[in-house]
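Student: So the protein lines, in turn, are chains G and B. So for the first sequence, the working numbering puts the first residue at 1; every next one is plus one. So for the second sequence, the working numbering puts the first residue at 273; every next one is plus one.
None of these hints come from the bench; they were simulated from the model. Take these hints with a grain of salt, some might be off.
What the hints assert, rightly or not - Okay, the calculated bits of chain G under chain B, using three or more residues with CB under 8 Å as the criterion:
no. : region
1   : 30-43
2   : 47-59
3   : 91-105
4   : 186-192
None of these values were measured; they are calculated from a predicted model. Here a beta-carbon is modelled for each residue, glycine too, at the ideal position from N, C-alpha and C.
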Amino acid sequence: MPSPSYLPPAPLAPRHIGRLNGRGLWTLYVKEVRRFLNVATQTLLAPMVTTLLFLAVFTLALGGQRMAAGGVDYAAFLAPGLMVMAMMQNSFANTSSSIVIAKVQGNIVDVLMPPLSAFELTTGIVGGGVTRGLLVGIAVWLGQLPFVGLHIHAPLAILFYAVMTVLMLSLLGLLGGIWSEKFDHMAAVTNFVITPLSFLSGTFYSLDRLPPNLQIIAHANPFFYMIDGVRYGFLGHADASLWVGAAVLLGVNGGLFLLAWTLIGRGWHLKA
Amino acid sequence: MPQVRQFGRVNGRGLYTLVLRGLRRHLGLWLDSMAGPAVSNLLYLVVLVLARDVALGPIWPDATGRGLDAASFVAPGLVAFAFCHAAFESMAVHLVHDKQEGMIQDLLSAPLTAAETLAGWVLGAVAAGLASGSVVLLAFLPFVDWPVLDPLPLVVFALLGTLIFALLGVLVGLWARKWDHYAAAETFLMLPLGLLSGTFFLRQDLPPLGRDLLFANPVFHIIDGFRSGLLGRSDGDPLFSVVLLVVLSLVLALVAWRLLLRGWHLKP
Chain G
1 MPSPSYLPPA
11 PLAPRHIGRL
21 NGRGLWTLYV
31 KEVRRFLNVA
41 TQTLLAPMVT
51 TLLFLAVFTL
61 ALGGQRMAAG
71 GVDYAAFLAP
81 GLMVMAMMQN
91 SFANTSSSIV
101 IAKVQGNIVD
111 VLMPPLSAFE
121 LTTGIVGGGV
131 TRGLLVGIAV
141 WLGQLPFVGL
151 HIHAPLAILF
161 YAVMTVLMLS
171 LLGLLGGIWS
181 EKFDHMAAVT
191 NFVITPLSFL
201 SGTFYSLDRL
211 PPNLQIIAHA
221 NPFFYMIDGV
231 RYGFLGHADA
241 SLWVGAAVLL
251 GVNGGLFLLA
261 WTLIGRGWHL
271 KA
Chain B
273 MPQVRQFGRV
283 NGRGLYTLVL
293 RGLRRHLGLW
303 LDSMAGPAVS
313 NLLYLVVLVL
323 ARDVALGPIW
333 PDATGRGLDA
343 ASFVAPGLVA
353 FAFCHAAFES
363 MAVHLVHDKQ
373 EGMIQDLLSA
383 PLTAAETLAG
393 WVLGAVAAGL
403 ASGSVVLLAF
413 LPFVDWPVLD
423 PLPLVVFALL
433 GTLIFALLGV
443 LVGLWARKWD
453 HYAAAETFLM
463 LPLGLLSGTF
473 FLRQDLPPLG
483 RDLLFANPVF
493 HIIDGFRSGL
503 LGRSDGDPLF
513 SVVLLVVLSL
523 VLALVAWRLL
533 LRGWHLKP
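Construct all of the structure, not just a fragment, from the sequences and the given hints.
Tutor: Here it is, written out as structure tokens:
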């Protein structure tokens, strides 16, 4: 008598997918999250160390001054901005590197072949970047706690602007990754677009330092509203209107999501 | 009938080829390796100038209260580290890349001694560092107001800085088995060396322990040398810095040569 384990398996029934491929989306998301958790030293610890070094150096160099607006000392002004900058860079790095590496190595087909719609692909990949950005934000905040006396003024504002930040940078990373054919292209986008926008966003200085015409340009930088919003959440003082910031961020994020969704749907720079 | 090429005690053409390869690889990626550092260093400069309250006054004021503005004070340090970092990055990235892709075999089987290989690598990276660093220096010129422009200390410290960091690049490149290891070296070695080097703050503003630690950071001496060349004044004695940096490069070269001779992390 053969034991039951020798019996042929029952034929597999096709899995039925409703309007949303929930399991597929979840699998893609988990893959994106595991990708960065595998190298947590590089993806979570490194941003924390970098931020603390920046905090130390800039506080040493400029610690004597108090900020005119809000009346806080320089370290307290700087810390929320550095936190947002770290979140920006890491969300962007997560989605962009995921796509570019998959394209260069050719395993992008494994993402394009499964029964996942363009919407599900966009959501799953962006979800990974959002998760990394938020985890980096928490890591940086915890790292800064012993050094900067930051109390939370408006937790919901922090949450809203933080989510908007990592969402926008994840979408930008996705778009940059789709556009890039090589690692060099990605490095160029990081060097010449993302780094300037994040450095010139008001992390290190209050925008009233700028001459009036430059202030107008600075207000057109969506990255400014992210930093301003999160800083309001900690310090209770914002440079610009919070509602304008929320509207700008929601508008830009909605537009970027639609763009990414459309481009992935058409297979632009992804399918031959 | 082709002749067997003869070479004497030193394989000159092999060495020259290796140097040229390192430099060409660096220049080929000019957007990333030359324009990138220029842009990011200019950003550091802009941000620092905007962030510094004018009420803090000039740096190193003389009896009349005239001193340096923030940009002119910070720029020599940024330039100095740009030289060092480019040499390190060029060396380590190319070595890790060769190891990852298996191309290192082509080099190990070439008729080059360990000393020639090391010299070829390091000279290529020094040339790469000098190229990228000079671009940063030129990019800064329109924005800063340096009282002097003394070529001798600039050349000496640029050479020593790129040499030391090219050698560090060899050590990190040999050690790293994966890209993650290289990234860890960037975050946990290069970034602290570069940021905690006295580029942004004065040694006198530190607590006593910080001053001693700063003195132990070779980047501080390289930066200080650049200051003597661009600002006409320095925190320490440039001659002492030169001696220290020469000794350090000799030690690093010796270690790198011994490791290369043993094939550490290169040969099974």
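Student: Run every hint past the structure and note whether it holds.
Tutor: Going through the hints against the structure:
{"no.": "1", "hint": "30-43", "result": "holds (count 3)"}
{"no.": "2", "hint": "47-59", "result": "holds (count 7)"}
{"no.": "3", "hint": "91-105", "result": "violated (count 0)"}
{"no.": "4", "hint": "186-192", "result": "holds (count 4)"}
Checked against the numbered hints listed earlier, the structure breaks hint 3 alone; every other hint is satisfied.
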